[in-house]
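Now for the letters of each chain:
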Amino acid sequence: KNEVEQSPQNLTAQEGEFITINCSYSVGISALHWLQQHPGGGIVSLFMLSSGKKKHGRLIATINIQEKHSSLHITASHPRDSAVYICAVLTQGGSEKLVFGKGTKLTVNP
Amino acid sequence: DVKVTQSSRYLVKRTGEKVFLECVQDMDHENMFWYRQDPGLGLRLIYFSYDVKMKEKGDIPEGYSVSREKKERFSLILESASTNQTSMYLCASSLTSSYNEQFFGPGTRLTVL
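Sequence lines, in order, name chains Y and A.
Heads up: the first sequence begins at 1 in the numbering used here, then just goes up one per residue.
Heads up: the second sequence begins at 1001 in the numbering used here, then just goes up one per residue.
Don't take every hint at face value.
[Said to hold, decoys possible] Below, a sample of chain Y positions facing chain A; criterion: calculated Cβ distance under 7 Å: (1) F18; (2) G41; (3) G42; (4) I43; (5) S45; (6) K97; (7) K102; (8) G103.
Since the hints were derived computationally from the structure, they do not count as laboratory data.
All C-beta atoms in this analysis are idealised placements derived from N, C-alpha and C, irrespective of residue type, glycine included.
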């Protein structure tokens, strides 16, 4: 079983819809990252969080440490949000290594 | 803005060739990472370095080596390329710790024939 599981694997939405991508993990973590990868390969970091909730524009990330679960929400989705969204966790124990989920491919249709 | 650059976007090599992938970052970051990304498997860590001349194996180091002679440059070496090393290779850097944001390069799509 993977240490980081994302759902769904693929998601298709209509422009304007509210979108939720989920990430569950099975290990103790120090922090969790959400990343965005556009076609062509470039990856950018969206959020790093260790508790609570963060918001940036139309993106909201939440984490529940007790339930080992994080969600990424996109409000008023737009075709330019189409990308692969990747969850990654920094495991406890002093390691500098991130463990990645396999990603959720989001397609937003106009 | 932090910039992480990789020497090539696309590379085609033959089985058995020695392959060098170069990564350069311009923000004095201490940590640098090499990942490979394959469909259905996600990003997997090959090697990372937390200082000049220091390196640590990641999850899949077999068939690879690395070099970090200068702080800004981290090289991934395939001593004898094989077809199963055909993949997208991504370099990243972070300031001091993985608590910090990792900044990724554009990736190198390597095909080994």
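Hint by hint, here is what the structure shows:
no.	hint	in the structure
1	F18	violated, 26 Å
2	G41	holds, 4 Å
3	G42	holds, 5 Å
4	I43	holds, 4 Å
5	S45	holds, 4 Å
6	K97	holds, 6 Å
7	K102	holds, 4 Å
8	G103	holds, 6 Å
When each numbered hint is compared with the structure, a violation occurs for hint 1 only.
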